[in-house]
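Q: Sequence:
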Amino acid sequence: MGYIRQIKGDWKYALELYRKALEYIPESERERGYSTVATLLCMAQVYCDQSNWNLSLEYIHRALAAIDARDESINNVSVAEQQSHCLHMIGTVFLEQHRLDEAAEYFERALEIRRRILPSTHPSLATSYNDLGVLYHRQERYEQALSAYDSCLQIRRRSLPETHPALAIIYNNMANTLYWLEREKEAMEFSLRAVDIGTHSLGENHPMTSTFRDTLEGICSANEED
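In our numbering, the protein residues as written are 1 to 226.
Derived by calculation from the structure, the hints in this document are not laboratory data.
The calculated label-pair distances, taken between Cβ atoms and stated as ranges, are:
| no. | residue 1 | residue 2 | range |
| --- | --- | --- | --- |
| 1 | SER35 | TRP180 | 43 to 49 Å |
| 2 | GLU112 | SER221 | 36 to 42 Å |
| 3 | SER159 | GLU184 | 26 to 32 Å |
| 4 | ALA65 | LYS185 | 48 to 54 Å |
| 5 | HIS98 | GLY218 | 20 to 26 Å |
| 6 | PRO26 | HIS164 | 39 to 45 Å |
| 7 | GLU204 | GLU81 | 38 to 44 Å |
| 8 | LYS20 | SER78 | 23 to 29 Å |
| 9 | HIS98 | ALA69 | 30 to 36 Å |
| 10 | LEU55 | GLU112 | 26 to 32 Å |
| 11 | SER120 | PRO161 | 17 to 23 Å |
| 12 | ASP101 | GLU186 | 27 to 33 Å |
| 13 | GLU23 | GLY218 | 46 to 52 Å |
Each residue gets a CB set at the ideal place from its N, CA and C atoms; glycine is no exception.
Taking the hints into account, I'd like the entire structure generated from these sequences.
A: See the structure below:
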């Protein structure tokens with residue numbers, strides 16, 4: 001129920017339901033159980049959605065403390081996966097705060113764990129690569145951004161149809177990065193792909209399709225000026 005309220009944007013009620021969920025967790029599991037960690041991370045995400053960065057970080061660190069309190073080894077895949085998720089969430093908060101060096105540290109730590117414990121085609125790896133691409137682009141590390149986006153794309157293509165909007169987002173990101181690398185022809189090609197997918201899968205008037213068109217128009221305008 002908390003998650004349903006969360007995706008509807010009813011954050012206050014979502015937090016109330018998550019707090020009640022914590023109360024119903026058996027006392028023996030409350031400090032370090034899997035349900036505790038999952039609920040704390042849901043609460044952290046709500047605060048992140050509200051741009052309440054400090055509280056979001058507080059709940060992520062509480063989740064990490066609950067994980068660290070367990071007796072299980074870091075070699076336990078489920079434990080390591082939860083740790084990597086926490087680290088990635090911290091990176092996301094720092095990215096939103098424009099604390100880019102700190103975001104890079106946490107994203108890279110999360111990716112290191114995920115590479116070690118997950119199959120090479122796991123969706124969490126795609127998420128890591130995509131968010132690192134966003135980060136590197138903001139740091140003007142365009143070659144690294146492009147490489148990260150390409151790694152994300154290779155994973156997404158294995159599980160998604162070519163018309164899926166998630167691929168359009170990657171194409172749009174790659175177009176932006178290629179433009180800054182002065183590879184205008186390739187930028188145009190990727191941008192056109194994004195617009196085509198957005199138009200056919202989401203509709204011409206969808207906000208995401210509009211974003212893709214804005215990217216394409218920006219690239220075209222820059223080429224005309226040159």
